[in-house]
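> Given chain H, put chain S in place with the hints provided.
Number of protein chains: 2
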Amino acid sequence: MMMRVEYSYFYCLFFWATFMSTAQEHPNLILTQKGVNEIRSHLGKVPFFDRHLSTVKAEVDAEIAAGVEVPFPKDVSGGYTHQQHKKNFFILQKAGALYQILEQVHYAAYVKEVLMAYAKMYKNLPLHPETRSYARGKLFWQCLNDANWLVYVSQAYDCIYDYLSKKERTYLEKELFRPFADFLSVGNPKFFNRINNHSTWGNAAVGMMGLVMNDEELIQRALYGLKNITIDPNSKDNDGGLIKEKGEKEGFLANIDAPFSPDGYYTEAPYYQRYAMYPFLLFSTGLENARPELKVFEYKNGVLLNAVNSLINLTDIDGEFFPLNDAQKGMSYYSRELVAAIDIAYHYGDKNPQLLSIAEYQGAVTLDDAGFEVAKAIEEGLAKPFKRKSIEFTDGPQGDEGGITVLHNGKDQKGLCLVSKYTAQGNSHGHYDKLSFMLNFKGEEVIQDYGAARFVNISQKSGGSQSGVYLDENFSFAKLTIAHNTLSVDEEVHFGRDYRVASKNHAEKYFSKLSNDGQQIISAKDHKAYPGVGMHRTLVMLQDHRLYQPLIIDLFRVESLSSHQYDLPYHYFGQLMSTNFDFQKEKNLSPLGGDNGYEHLWKLAEGKSKGGTDQFTWLYNDNFITLSMANKENDAIIFTQMGASDPNFNLRSDPSVIIRRKNTGTTLFANVIEIHGTYSTVTEAPIQSKSMIKEVSIIQDSAAYTAIRIDFIKGDPVHVILANKDNNKKTNHILNIENTPFKWKGPYFINN
Amino acid sequence: MMMRVEYSYFYCLFFWATFMSTAQEHPNLILTQKGVNEIRSHLGKVPFFDRHLSTVKAEVDAEIAAGVEVPFPKDVSGGYTHQQHKKNFFILQKAGALYQILEQVHYAAYVKEVLMAYAKMYKNLPLHPETRSYARGKLFWQCLNDANWLVYVSQAYDCIYDYLSKKERTYLEKELFRPFADFLSVGNPKFFNRINNHSTWGNAAVGMMGLVMNDEELIQRALYGLKNITIDPNSKDNDGGLIKEKGEKEGFLANIDAPFSPDGYYTEAPYYQRYAMYPFLLFSTGLENARPELKVFEYKNGVLLNAVNSLINLTDIDGEFFPLNDAQKGMSYYSRELVAAIDIAYHYGDKNPQLLSIAEYQGAVTLDDAGFEVAKAIEEGLAKPFKRKSIEFTDGPQGDEGGITVLHNGKDQKGLCLVSKYTAQGNSHGHYDKLSFMLNFKGEEVIQDYGAARFVNISQKSGGSQSGVYLDENFSFAKLTIAHNTLSVDEEVHFGRDYRVASKNHAEKYFSKLSNDGQQIISAKDHKAYPGVGMHRTLVMLQDHRLYQPLIIDLFRVESLSSHQYDLPYHYFGQLMSTNFDFQKEKNLSPLGGDNGYEHLWKLAEGKSKGGTDQFTWLYNDNFITLSMANKENDAIIFTQMGASDPNFNLRSDPSVIIRRKNTGTTLFANVIEIHGTYSTVTEAPIQSKSMIKEVSIIQDSAAYTAIRIDFIKGDPVHVILANKDNNKKTNHILNIENTPFKWKGPYFINN
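Going down the list, the protein sequences come from chains H and S.
Numbering-wise, the first sequence is residues 1 to 752 according to the working numbering.
Numbering-wise, the second sequence is residues 1 to 752 according to the working numbering.
So that you can see chain H by itself, here it is in the shape it has in the complex (with noise of 0.2 Å):
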């Protein structure tokens, strides 16, 4: 309800800022004139941006040395006319800003050439040739690409918009941006009119454009979307996902709404919200700049500057974003978007000191008022180290579609680092990962969250010739539960892989704990993934002066009135050491399974419990570390590699443990994680290279309470109790174990 009452507010203020406007000075959008004058006066005085700017002059001053070149577009992604559109984009928006720092017109001549070139061949362009789209662009073969133009070039328009006379303005206005803003808006209402990042592209280039040109037709359809489009409720896009969900509104607005919870969290997850924030961000910085009266960067409660605080959270130490969902590895904070994003909310925000580290970081500022307050702080000697905290961001518009809880270990900025995921599906890009975690240990995955199974871009994974179209085997493995650190019931997918399904659930946060004492926790409970399953997952980072590490203790408690296989997988890196228990390598190999995923997996060895503690130690980056299990009698160990039914080598090798419990109903796993000790290759001396733990063993299971008892080579036993029923933070629970009786308050206690 929250939502629609802002939504109504910012429409009244909008039509009341709209009268107000009047003749606009240039530039106005991302530039301003009072920021290109404070440039102006500081130029060779701030370093930090005087070196990114010379950075920038020299490969804009390579191109136009390189000549001109519009070519009629006929590529695909990879290809020479995809690349060099794409490029034009990036040059030409560079190349205003340049104008107007230097004031140097040959720049603004460059941009006009170009841009003169473009209009002498739109109006007449077909549709690309490529037709794999379900909304193709002009200039590339999707609108998505010809929105990209669009939001650079805006940019670049209004720069030398002052340059241009008022003739050769409305004939490119004419020729060549309102038709271009025409045929992603009206032109394609299946790419205008959704609730994704393709239409957060397609609003902002259109009212950007319109920002510029002080179109208010433009703008307001930007900002509210087209009226009256009817689209066929069943149409889909490349990535399987439906255009349009039933009763979803449309335009910049509305796509601030729908994607983002309260807190900032992005639900397709970091490695979109990358890409989906320039949009938000720089038709917002434009709302601001020319619209200050509307307070864009107010709306939802700030939502969108939340969001920058929220995508740098959700990195590890390297700045790389944590791969939940269809994310490509590697993708950092050093992109270019996120330099835009850190300008932006440092200049447009509460100040940070510690986003300026960050900028530190990354070497480069954007050449506009907020790139350049930026370096000037760095210089004046503002920056404080970014650090990061334990946090959590609730998912869905209103925030209670679950969420995720990102646990650091406080003693320790380049420890250990837990995320807990715990929300709804994520649109298309979602995987079916309810409860799903991965574990981190100074930048390294520990634990590992697969990610996609993509290459973006590279045309021999498909990437060329499909930019954005993902491999079979995302959607065969990748995506699926089985390749995720949480429970497969029966070799089964969350929601049968049902995507309609899946997006009309998500999972609970049942309770957390975030601190720097040395216990934090995160518990949550799904009970739809699988019909007639109650999964309860708690994991605890738990420091204990012991350890050379906080240990990660993993209670997954299934509740069941039927009889099913569990497989609770362990996705890790490294080469085993040892075993506590015996194992049958295979002397050939087969798949794991024959669907769901599990087809990928080759089955390498299996072991049997005969119950009690089974424990895995493995090397991994110079750390051992050991997985400690308390199974039960029979459950299968099973040590599988993907790669399996893999025709074209499309997956990584990565090894996996997969602890299997056949024929039961209600039941506990209770496992816990400890990076026990180093090695080092060059002393060859190794430390600690065994598990501290003596034995985990659980002590209570019921529906009401779930305890076990961790017990150490030296010292006394950790006791971690939860009460499964009640999270009243205020209840007090007296429960007696082996003829101890447990007094406490809340719904845990811990011991060590």
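No lab work stands behind these hints, which were simulated from the structure alone.
Keep in mind that a hint or two might mislead.
Just so you know, same-sequence chains aren't split out, so a pair can sit in one copy or run between any two.
Derived pair list, reagent style PhoX-like, types lysine-lysine, alpha-carbon separation capped at 20 Å [as the list claims (entries may be wrong)]:
(1) K414 <-> K389
(2) K509 <-> K528
(3) K725 <-> K509
(4) K745 <-> K730
Remember, it's a predicted structure, so these values are computed and weren't measured experimentally.
Only chain S this time, still in chain H's reference frame:
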């Protein structure tokens, strides 16, 4: 013959010298009185030294505070008593140096207290209870570790010599040092009288203590070995090496003669050289200080200091040793042995300023004359960057047993580096890998040498209970031919896996050209590894202005009158991107073969060549790499992965591609490795993801000449022609190929 002459000369010189020696001052072994005075007078003035001094001081202070612990020996490597005795000798050596430098008597008192504890225990010590070693120690499970102890403790004794009363010295020498030295020598002739790094440690230990005690008998024993000792000619050490080859000499000097080539290449390769260098250099430093007239650093044309040079030239740009023969990857010039080696090579050598930059990277120096001079020189700004250049080393005591060639891309210090190995066997640590090579790019292995199957000191992988003992898979895979980037004939191992035969043979350089003009070549031959099969491999590193990185052209010619199966593997890292040939992925996996290492390779897929140029492109560390193969029709291209028949997961799961040619006598494998492009996960932009090579054609292959043509996507082809039977640089050749006359001088022709 040369060796014999030098040896005798040295022998005479030594006797002359011993007559000249009189009562000694102390310290006079590694630290000298002069050096100590120099250091004392500069305390607080040479920050690079002071920093390291305070680090060492803090470490020793903590140990002193923890109290003396000299436990009765019981445990093996990794266990408490082993670790404690090991820690003791490191700390004693450091405490001795601190006493001299800081003149604080409590350091001397501590050394004395510990030594007295050892003296009290030593004489009645039985052999260590662990029986596995061919030469069991007393403090440790093997004499080797006991010798380590004495090498370090002799330094400590030297430092506190004058602090002790004569009575105390007599007690220590009688109860501890002399019996200790006797045990290592007369008590263990199999250990002491070998040509092996074990004996070098033994010789140095006995000799260094002899120098401190001024005990000529020990010194002579160390230099020239035990006389009139007979060792069973069939006895072997734990690595399977023969204790004694027929006619071998013994003692420290003989150990310099045998394993080092005149260039300073150590036949076991850099990993073991690093370990062996420490006693060589330390005892030599002692001799240089206590017996300067012997000029030990000039022995065999200064081979010991040359050896430091060869060692650092066998590192990649991260300072890691090329993992040739039995080597654990990751060992580097950051090891403590190399800190000493660099300091000694600078101080006692030619003051090469490039060594100083390595000391800067190391961030540490030894607390002695040499380390102090290095620190002072660094503070004086004398350091110059260490420049890797193409270099080659002969193998064998006389330098006539093949060798090793390192080709660096001269244009770019962080670029491409190829190591071609055509050495002798390399003692018991050698691998059956004649004519193998490895390729390194920017410090990462593109085409890898597997190294050893071993986890040094990690007890779970047999490294603790049997320290120094290799995993079974070292013998069944890592040492064998198929584990290397060289030809396997009929799935056999070089020399029929017979160590005695292998040790009597070596490959031969045919010709080489190391230069900076863009054409570097190493061509080598072997006709002993497989009876009746002659192998001739030529590796070219070829710069071409059209290409991102130099090409690696690999011409592997095989001559045989009989018919064989040839397998030529490339052990690469990375993920397959594309091939231009069809292949069939296996639905279930089986080992590629039954023996000789083949049983450890899973066969993943096989393609069949139609003849012509087959290409295989992969992505590794953001680099696109293509192998272009001039294959024959029906050649098989087999993709494999390591890890089959490996019940304990002792092997890594690394991929390989193998070209298999059956039923063939004389033939040529002509392959090109091309690092042609890059990818960024941040910009997501691939640059030149596809090979620039259109075709690799064999245009001539006769006994006399081999010629190939490489056609590129754009521009002129490159021809490479080899004269196969005449490596004379002055021979003029004329050859008509495809109606074109080629004229050149010397063993090769390349036009590009």
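> Determine for every hint whether it applies to the structure shown.
Evaluation of the provided hints:
1. Taking the shortest alpha-carbon separations for K414 and K389, only the intra-copy value of 11 Å comes in at or below 20 Å, while the best inter-copy value is 37 Å.
2. Taking CA atoms no more than 20 Å apart as the test, K509 paired with K528 passes inside one copy only; the shortest distance there is 14 Å, against 70 Å between copies.
3. In this assembly of identical chains, K725 and K509 lie within 20 Å of each other by CA distance solely inside one copy; the values are 13 Å within and 77 Å between copies.
4. Proximity of K745 to K730 under the C-alpha cut-off of 20 Å is restricted to the intra-copy arrangement: shortest distance 6 Å within a copy versus 93 Å between copies.
The earlier numbered hints are all upheld by this structure, with none contradicted.
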